[in-house]
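Peer 1: Residue strings, one per chain:
Number of protein chains: 4
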Amino acid sequence: MQLLVDINCDMGESFGRYKIGHDKEMMEHISSANIACGFHAGDPSIMKETVRLALKNNVAVGAHPGLPDLIGFGRRNFSLTPQEAYDYVLYQTGALHAFVQAEGGRIRHVKPHGALYNMAAVNKELAKGIAEAVYNLNPDIILFGLAGSELINAGNETGLQTCSEVFADRTYQPDGTLTPRSQPDCMLTNDDDAVNQVIKMVKQGKVTTHAGDISIKAETICIHGDGEHALSFAEKINSAFEKEGIQRINYG
Amino acid sequence: MQLLVDINCDMGESFGRYKIGHDKEMMEHISSANIACGFHAGDPSIMKETVRLALKNNVAVGAHPGLPDLIGFGRRNFSLTPQEAYDYVLYQTGALHAFVQAEGGRIRHVKPHGALYNMAAVNKELAKGIAEAVYNLNPDIILFGLAGSELINAGNETGLQTCSEVFADRTYQPDGTLTPRSQPDCMLTNDDDAVNQVIKMVKQGKVTTHAGDISIKAETICIHGDGEHALSFAEKINSAFEKEGIQRINYG
Amino acid sequence: MQLLVDINCDMGESFGRYKIGHDKEMMEHISSANIACGFHAGDPSIMKETVRLALKNNVAVGAHPGLPDLIGFGRRNFSLTPQEAYDYVLYQTGALHAFVQAEGGRIRHVKPHGALYNMAAVNKELAKGIAEAVYNLNPDIILFGLAGSELINAGNETGLQTCSEVFADRTYQPDGTLTPRSQPDCMLTNDDDAVNQVIKMVKQGKVTTHAGDISIKAETICIHGDGEHALSFAEKINSAFEKEGIQRINYG
Amino acid sequence: MQLLVDINCDMGESFGRYKIGHDKEMMEHISSANIACGFHAGDPSIMKETVRLALKNNVAVGAHPGLPDLIGFGRRNFSLTPQEAYDYVLYQTGALHAFVQAEGGRIRHVKPHGALYNMAAVNKELAKGIAEAVYNLNPDIILFGLAGSELINAGNETGLQTCSEVFADRTYQPDGTLTPRSQPDCMLTNDDDAVNQVIKMVKQGKVTTHAGDISIKAETICIHGDGEHALSFAEKINSAFEKEGIQRINYG
Chain Y
1 MQLLVDINCD MGESFGRYKI GHDKEMMEHI SSANIACGFH AGDPSIMKET VRLALKNNVA
61 VGAHPGLPDL IGFGRRNFSL TPQEAYDYVL YQTGALHAFV QAEGGRIRHV KPHGALYNMA
121 AVNKELAKGI AEAVYNLNPD IILFGLAGSE LINAGNETGL QTCSEVFADR TYQPDGTLTP
181 RSQPDCMLTN DDDAVNQVIK MVKQGKVTTH AGDISIKAET ICIHGDGEHA LSFAEKINSA
241 FEKEGIQRIN YG
Chain E
1 MQLLVDINCD MGESFGRYKI GHDKEMMEHI SSANIACGFH AGDPSIMKET VRLALKNNVA
61 VGAHPGLPDL IGFGRRNFSL TPQEAYDYVL YQTGALHAFV QAEGGRIRHV KPHGALYNMA
121 AVNKELAKGI AEAVYNLNPD IILFGLAGSE LINAGNETGL QTCSEVFADR TYQPDGTLTP
181 RSQPDCMLTN DDDAVNQVIK MVKQGKVTTH AGDISIKAET ICIHGDGEHA LSFAEKINSA
241 FEKEGIQRIN YG
Chain A
1 MQLLVDINCD MGESFGRYKI GHDKEMMEHI SSANIACGFH AGDPSIMKET VRLALKNNVA
61 VGAHPGLPDL IGFGRRNFSL TPQEAYDYVL YQTGALHAFV QAEGGRIRHV KPHGALYNMA
121 AVNKELAKGI AEAVYNLNPD IILFGLAGSE LINAGNETGL QTCSEVFADR TYQPDGTLTP
181 RSQPDCMLTN DDDAVNQVIK MVKQGKVTTH AGDISIKAET ICIHGDGEHA LSFAEKINSA
241 FEKEGIQRIN YG
Chain S
1 MQLLVDINCD MGESFGRYKI GHDKEMMEHI SSANIACGFH AGDPSIMKET VRLALKNNVA
61 VGAHPGLPDL IGFGRRNFSL TPQEAYDYVL YQTGALHAFV QAEGGRIRHV KPHGALYNMA
121 AVNKELAKGI AEAVYNLNPD IILFGLAGSE LINAGNETGL QTCSEVFADR TYQPDGTLTP
181 RSQPDCMLTN DDDAVNQVIK MVKQGKVTTH AGDISIKAET ICIHGDGEHA LSFAEKINSA
241 FEKEGIQRIN YG
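The listed protein sequences correspond, in order, to chains Y, E, A and S. Going letter by letter, the first sequence gives residues 1 to 252 in the numbering used here. Going letter by letter, the second sequence gives residues 1 to 252 in the numbering used here. Going letter by letter, the third sequence gives residues 1 to 252 in the numbering used here. Going letter by letter, the fourth sequence gives residues 1 to 252 in the numbering used here.
These are computed hints drawn from the structure, not numbers from a lab. A quick note: this is a predicted structure, and the numbers were derived from the prediction, not measured. Do not take every clue at face value.
[Claimed, not checked] With a cut-off of at most 30 Å between alpha-carbon atoms, the simulated DSS-like pairs for lysine-lysine come out as follows:
id	chain 1	residue 1	chain 2	residue 2
1	E	Lys19	A	Lys56
2	E	Lys236	A	Lys19
3	Y	Lys19	S	Lys19
4	E	Lys217	E	Lys243
5	E	Lys56	A	Lys243
6	E	Lys19	A	Lys24
7	S	Lys24	S	Lys243
8	Y	Lys24	S	Lys19
9	S	Lys236	S	Lys200
10	E	Lys19	A	Lys19
11	E	Lys203	E	Lys243
12	A	Lys203	A	Lys243
13	Y	Lys19	S	Lys56
14	Y	Lys24	Y	Lys243
15	S	Lys24	S	Lys56
16	E	Lys206	E	Lys217
17	A	Lys243	A	Lys24
18	S	Lys56	Y	Lys236
19	S	Lys200	Y	Lys19
20	A	Lys243	A	Lys56
21	A	Lys217	A	Lys206
22	S	Lys217	S	Lys206
23	E	Lys19	A	Lys124
24	Y	Lys19	S	Lys24
25	Y	Lys243	Y	Lys200
26	Y	Lys56	S	Lys19
27	Y	Lys56	Y	Lys24
28	A	Lys124	A	Lys56
29	Y	Lys243	Y	Lys206
30	A	Lys19	E	Lys24
31	A	Lys124	A	Lys206
32	S	Lys217	S	Lys124
33	S	Lys24	S	Lys236
Model the full assembly from the supplied sequences, consistent with the hints where possible.
Peer 2: Given below as structure tokens:
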């Protein structure tokens, strides 16, 4: 049996004159691009360019809606009603949809960004607001969320197809949540450790925590497109997949 | 023969806690609502509420994209490339589309706001950028523009259906453009004068300027939803239409 | 002995074309104006006008810095480091200082707005960040904070003069904090109840909670400048003060 | 006689997670830092860090206020009243003042950014609005403007000390204005040409245009802090100064 797995990456996070990420170079190493929609990052012109880039590379286009906090890059939790979450996701996903539509493509998935993603992982009502926004725009869109999270539950309950996400370079807690970035051991700083964690998650459905292995569902792997060794890590993970007989999904 | 005319009004221009306009009360007096999309006014939650209000009242929903200038309410000209105009219109119209789609409706028209509208009236390239954004999102959307403007020309050349707009309470110059707001005689401050101007435009296809009558194509009349006598004027114009045998288009 | 008390009101919360509050009319009923600084409300032009208005009315000028959340009017809590709180308060207070300086006045106090105020009431580190920003700009500025709060403590520890604030129309919990707005009994909706609560706080240093009276230090009373009966309430509270022999501080 | 000249550089133009410029490395090569104030670039935390960096390096601190257009990096002209220019400059300069004051320094100069700078070079009323904002905040602040511009005139007429700026790598037109960026020959792309232009401007008070040499007053030289060869050019210009017996002003 062939193991098939999706690799996703956040894209289009530049803004005006400000550049972040190696979008062009990363495209050949991934299956799915989560494109920022102007709230935490991205602007209309960047969105258009990034959509074009993804479509040209046969990479699936997803919306990556965030909180309206450009200074904080959408990483600061803030108190949000489920209705506001619904409104913000619908607005941003619609904006991205327009660029995709204009280029002859379609939005394949939605993955909330940063604090919105994290809050929706544990807040049932917020998760529901997000899932309903996606469903009401187009029930064929796949909802990406943290494996085992309330967001995945909400997506399934709402009637959406979901995709459980795991992180290559983040460590996990015994309850399946990510170790918060405020803690010293939140990251796997060694590339080999990150690759090994992914392989284990994909092949065995398990991840190691400080209290032993736990089960995890790995349908899509998040890798980062910024930072100095983003490209080399993308190459490593793809090489490891090849060696291990894991096939990266390719929508081309 | 029955004269048929559309009446449109800018809507959804509140923002957060800030309120502008009598949207609810105006709905019964108009055919078409131009809903702000978050750049010059409006926010995601206001957009959702305004879309619901319009659909409930069988009023046609249009996007009302503006410049990214909330402090200036989108009324300050700024140098914009045609590509930026394309990007901004596509982004905002897409965002509104999502709310309309979620509510089971559709976007019927797009009318640029304020400085974007005025610049597109005289700038051929800018007008083309806007028209292409609308066309690429959905070629069935109708483009609203100043009667006789470059925006109307660009819409027609792009292959869009267009709708020529006239203003009830603004005065016109001999070349068919609006008298700039910076000039003292830019407004018709008397309601009866405004009503008479509209009737003449609709029935005779003419408007009076300081250099005599000129021809004008009046397919949709813009009336204002804010200000103290917005509602009374809306009633007056509708009454005058009834008396003159002009029928307001009703999409219900 | 003469009881002396300050009455403060949030001011300058309009934005661009958007209007909130009866600033002009309220000025004669208060001692201190807390002027919004452009993050949660206000813009540079509104700030200038409001500073002029306050100085003309011999009302003490204060900065009213908020969170960078215009859509949410600065009322949504969000995770903020003490350094960010320091930076945001310093930025906004400095901006207001410039307008006051240009008009020949001086900033007399700083009162954080909304969520920033509430978070600083209970978060010691955040409170310290705010107090240090004020102190570093000018140690003569008075810090306004919720009576009994961490913000008042931080101000005192930093070396600032502080002013304990009470609310006319909000109810209190047994621990001295305000009943959250999310609870049904958070407001005193009857004007007489609000007036009586204030008189009791000022004369007896006590406020009633659902678990009996608690002590409270009332150095400044917050009244609201928006809403339909803002002016009539301002008149009522001033009349009640006169009748009870309480003197409103007047800086003129 | 010793020739003394100021070298200035735009600084603090990063925003949130977005980085622009080599601020730290550039500090040792310049006399004056123009620090962005949050409208076109910069945020409160970046401002604080940049002020600290400049003071530590004995570099004079200046405010670099821009138009409220983060997407366009303040480079897009937009229609602005002189009052708005006054308000925007006062707001931003005040915000920067607070950080400088908190660190025990003072604002030495103000240099408007981008489109605001360019519009003020030719628009007398706008220039006056800017000059008055600076003067009203503190008449000891020096106003930086394009040599020969309306901004320099307005500064002098208002009673401010001014400093005439020239650009190392921009070409000039016969009327003394910069060749617009939209024209192909707007830049001197060769470092030696740029260095030679500066030396000629400083020593001879002349600059070459396509219609021959014109007079120019070179009191401060603008060099750029971003781009790949910013540092090497900074070193070249300083070396050339040393060789030519021109002394860079050093405020340390």
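Peer 1: Next step is simple, just say for each hint if it's right about the structure.
Peer 2: Hint by hint, here is what the structure shows:
1. E:Lys19 with A:Lys56: 28 Å, holds
2. E:Lys236 with A:Lys19: 27 Å, holds
3. Y:Lys19 with S:Lys19: 8 Å, holds
4. E:Lys217 with E:Lys243: Roughly 21 Å separates the two Cα atoms, so the pair holds.
5. E:Lys56 with A:Lys243: Between Lys56 of chain E and Lys243 of chain A the Cα gap is close to 53 Å, so the pair fails against 30 Å, i.e. violated.
6. E:Lys19 with A:Lys24: Distance of about 19 Å is within 30 Å: holds.
7. S:Lys24 with S:Lys243: This hinted pair holds, its Cα atoms lying about 25 Å apart.
8. Y:Lys24 with S:Lys19: 19 Å, holds
9. S:Lys236 with S:Lys200: 15 Å, holds
10. E:Lys19 with A:Lys19: Holds - the C-alpha atoms of Lys19 of chain A and Lys19 of chain E are around 8 Å apart, at most 30 Å.
11. E:Lys203 with E:Lys243: OK: Lys203 of chain E and Lys243 of chain E at ~13 Å, within 30 Å.
12. A:Lys203 with A:Lys243: Holds, at about 13 Å.
13. Y:Lys19 with S:Lys56: Since the Cα atoms of Lys19 of chain Y and Lys56 of chain S sit roughly 28 Å apart, the hinted pair holds (cutoff 30 Å).
14. Y:Lys24 with Y:Lys243: 25 Å, holds
15. S:Lys24 with S:Lys56: Distance ~11 Å between Lys24 of chain S and Lys56 of chain S Cα, so the pair holds.
16. E:Lys206 with E:Lys217: Roughly 8 Å separates the two Cα atoms, so the pair holds.
17. A:Lys243 with A:Lys24: With Cα atoms ~25 Å apart, Lys243 of chain A and Lys24 of chain A stay inside 30 Å; holds.
18. S:Lys56 with Y:Lys236: 43 Å, violated
19. S:Lys200 with Y:Lys19: 36 Å, violated
20. A:Lys243 with A:Lys56: 27 Å, holds
21. A:Lys217 with A:Lys206: 8 Å, holds
22. S:Lys217 with S:Lys206: Satisfied, since the Cα-Cα distance of roughly 8 Å is no more than 30 Å.
23. E:Lys19 with A:Lys124: It is violated: about 36 Å lies between the C-alpha atoms, which goes past 30 Å.
24. Y:Lys19 with S:Lys24: Holds - the C-alpha atoms of Lys24 of chain S and Lys19 of chain Y are around 19 Å apart, at most 30 Å.
25. Y:Lys243 with Y:Lys200: The given pair, whose Cα atoms are some 14 Å apart, holds under the 30 Å limit.
26. Y:Lys56 with S:Lys19: Status holds; Cα separation ~28 Å.
27. Y:Lys56 with Y:Lys24: At roughly 11 Å apart (the allowed maximum being 30 Å), Lys24 of chain Y and Lys56 of chain Y satisfy the hint.
28. A:Lys124 with A:Lys56: Violated: Lys124 of chain A and Lys56 of chain A sit about 37 Å apart, past 30 Å.
29. Y:Lys243 with Y:Lys206: It holds: about 19 Å lies between the C-alpha atoms, which stays within 30 Å.
30. A:Lys19 with E:Lys24: 19 Å, holds
31. A:Lys124 with A:Lys206: Holds. Lys124 of chain A to Lys206 of chain A sits at ~25 Å (cutoff 30 Å).
32. S:Lys217 with S:Lys124: Judged against 30 Å, a Cα distance of about 19 Å means the pair holds.
33. S:Lys24 with S:Lys236: 18 Å, holds
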